[in-house]
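The task is simple: from the sequences and hints, build the whole structure.
One line per chain: the protein sequences are V and C, in this order.
The opening position of the first sequence corresponds to residue 1 in the UniProt record's numbering, with each subsequent residue numbered one higher.
The opening position of the second sequence corresponds to residue 1 in the UniProt record's numbering, with each subsequent residue numbered one higher.
In case anyone wonders, no lab produced these hints; they're calculated from the structure.
Owing to the predicted nature of the structure, the values given are computational and were not obtained by experimental measurement.
Treat the hints loosely; a few may be bogus.
Said to hold, decoys possible - Derived coverage of chain C by chain V (criterion: at least 3 residues anywhere in the stretch with Cβ under 8 Å from a Cβ of chain V; other residues may be distant):
1. 213-223
2. 230-236
3. 240-253
4. 315-322
Claimed, not checked - The following label-pair restraints were derived from C-beta to C-beta distances:
5. V:Ser435 / C:Val67: 50 to 60 Å
6. V:Ser669 / C:Val67: 53 to 63 Å
7. V:Ala469 / C:Arg321: 34 to 44 Å
Note that the Cβ used here is the ideal one computed from N, Cα and C, for glycine as well.
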Amino acid sequence: MVTAPPRVTELLAIRGLRVTFRAAGRDVHAVRGVDLSVAEGETLAVVGESGSGKSVTMTAALGLLPENAEVEGSIRLRDRELLAMDERALRSVRGAEIGVVFQDPMSSLNPVHTVSRQIAEAIRAHSDVSRGAAHARAVELLGEVGIPDAKARADDYPHQFSGGMRQRVMIAMALACGPRVLIADEPTTALDVTVQAQIVDLVDRIRRGRGMSVIWISHDLGVVAQIADRVTVMYAGRVVEQGPCADLFDAAVHPYTAGLLRAMPRLDSPAGAELEVIRGSLPDPEAQPEGCVFAPRCDHAQEECAAARPTLLPLVAGGGHAVACHRSGELLDHGRVVPARLGGSPTLRAGADNPRPSGAVDGAPAGEAPAAAAAPAPPPAAEAPAPPVVVALDDLRVHYRGRGSWRRSAAPVRAVDGVTLDLERGRTLGLVGESGSGKSTLARALLGLEKTSGGAVAFGDQVLHTMSAVGLRDLRRTAQMVFQDPAASMNPALRVEDVVSEPLRINRRGSVAEQRVRAGELLEIVELPRELGRRYPHQLSGGQRQRVAIARALALDPQVLVCDEPVSALDVSVQAQIIRLLSRLQSELGLSLLIISHDLAVIRTIAHRVAVMYLGQIVERGNRDDVFGRPRHPYTRGLLDAVPVPDPHRRSRPVPLAGDPPSPVAPPSGCRFHERCAFARPGLCDTTPPPLEEQRPGHWTACHLADEIAASSTAPDPARSATG
Amino acid sequence: MNARRLGLARLGQYAIVLVVAVSLNFALPRLMPGSPLALIAGVEVGEMTPEERAAVTADAGLDEPLVVQYLTYWKSILTLDFGYSFRQGTPIEELVLDRLPWTLLLTLTALVVAGAIGIALGAFAAWRRGSRWDVGSLSFMIALESTPQFWLGMLFIALFSVSLGWLPSFGATTPGVELSGLAWAADVAEHAVLPVLTLSILSIPAVYLSMRYSTLSVLGEDYIRTAQAKGLRPRAVMLHHVVRTALLPVTTVLALRLGWAFGGTVVIETVFSYPGLGRLMYDAVSARDYPVMQGTFLVFTIAVLLANLLADSLYPRLDPRTRV
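Structural data, given as structure tokens:
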């Protein structure tokens, strides 16, 4: 219970909220006592990982929880208690006074109705206007959220819009009745970083224009730092810390918040800095711990932490920064000197007065990453001679047949269109680009899972498409893959040990007993206890499942590991664990890694070399420090600029890359990027495709104007100068 | 332009299917055991003299080489001349056209009734998922799905015709009575009640089950949550968002059943001695009456193809994602 005096401008206030789902005699405590509020015209960010209860809290505010949810506490909109309202009264609040934008705009829009109809429906649910008037208003709203040619596009269906445009439609719908509060539940998580920047800008512009309040739910601290006035941090159904955005990022007091900030890969940390890992995983949602919910994972936990629940108290009487931690007083004294925004500072880690509890005490199940086993992050730019090449792609092309009639085929989809790359032994190549750039197709082609249309994939002196079936099978043993969604890539009917040993069974390696022993070893390699082998995949946490996926990929001792978005589906604290695991495995086993990610900060943390892909082609590649520190291609710069910096003091809003990538069926002539490029020169960029040239030693760029752009650009961004 | 080309391509596919189906239709009766000669002549084949046998065979065109028989078959189909029944000597098209209205009366009525009830009950059960109503109706429907047609038909006859004497138990009209106007319509309706009832009841489960499943999956979609978050009334959410989208797969089920409707229903028509296509087909098969068999099968084939075509052209209207 916050003791700060309630402000008169408080618009939506949640007090002591508890939500328990009762199902089959088991209670799941999704929200265990939450206090938060948003003031008129303010942006409140609610930050938390999965299982923190942030979405459930907002669903409760809308009165949309399923029937088996038991809700206690209070949710007030101005002076009205929402939890006491009947269904009819709640309906008049939903959509009219509280608007919502959900995470995935594709699945959140009804595919069989036009977008204008879906917006008009919201208008007509709350006011008595004619169909015509509602439609006209819908067109206006679509224009307001930046849909080009809104009048013509209003009667299109959701699938005819791009992801970013769909999210704009969702926002138009949420704004339809002029709500006082807009709840945005992870609104940019499903979008590309370039589109995310556009949506963040749009919401903030609309909030200012309308004087509306925004509750922005997110796990992404970068976005939060850019947009929030105040931040509420949730963990396991409780608020652990809240306060003004700058206070929180400058001097996070709660060990969870501080840990989260340091676990997050970021573009402005010193290159090669290690990510800190928050050990363990979320508490059992069915348990109702008496003490602090974070105590089992906390380096500062003492006896009182497990015994009594800390209340959310302001650090300074009457102040806005409140923390739920028994030790906040001591941590504050130390914490003031913690420059959390630079990351990697050890101040909040186990100090002399705070010996780290031994593994047996912390109660965390498997999946805990021992901090001692930390692997060195990639070293700075390599001066050493380049290691031998393991896989070489030469002018690789993968074209899919387009949809045509039964007699003539349409133009092919040029998913990968002339890519030359190589993977070096024991090193990591990061591949970045927007969705649809052909990254995943490239990875599958490398593994021989995709029919190539031209060029070659060569493992040493063996060329992939000339190999026999037997040769291919041998080859697959040397190159393995780790997928984005570990849950979807495992047979749910197999035990974990069978999942891990399946490659051995398929290749008839050893007896059943030997395979089982090997499965146990593999689990230990990925830092999981052997006993976990008896469980089923659904009994594991997301991070544990991704470890199992890695163990399976290692079963045949491959030389190459292709990881397609290996941490995208994971929470920030778990991401750091997996990234460190991959680095350690690489240095111990000499693996060559190809890591695909849309998250540039992740790539910067783990990759030695980076390739940037746009519409099926590589536009820039080089050492990590060159590409991130001295990007030469305008697209690379645009991508980097679009990444939100987790620092509320640097709310630079560079013009985000406009628009969406063009279609890979008919790529633009000349430079494929010229339509979105601010520097494009007519008569050159739109006619002549720029070759990928080694314009600087070891740094390849496909841009006619790279030298001019580099010369004319303004002072280097501090975010970049921190690199290398 | 593109859409038209795609439509033409689809018609081409249907034409290919039709040719294959017609050819099978020609071949199948000839692959069945037993000779039709006995039926044509009315005596066992063994009792005929070779001359008699040859005469009968030649008369029916069965002595020609298969290729010639096949081409003759195509020619007759294209000229809408389906020949005569071996057994009754009546032109096939006359037989079929005579029976078709009766069959359609049963099957189409049952289809409409079962479709409406099945969709409503299925959507409602899904909406109240896990409730007593849902569990109860689901168990009942599964029991109904496994009920044999003849059994339910005979039960109704025993109950409504024999014990209660409310409704006639056989035929489509009262024999030997000349009626006209409303009286005739009432008589026809009276005769149709029991077969339509039986057929409807037994067709409900398939529609119910597919609608319930489809509604359940739609209810879990994110856009239903969006609709609720807009503040729509539950009825509006249910009608405009849930049922509207859940109907998509059910439409296909219904359209395909429409095709089957033309084939009549052998068991029901036999139990109620109803003069429909189903019984015509049954009699033709048991008598090895090739031309009648082929005629009825052909009607059936074309009806199924047309129903598929209907489903194909209906789907893009209902689901904009499938439009070209």
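Could you tell me which of the hints above the structure violates, numbers in ascending order?
Result: no hint breaks.
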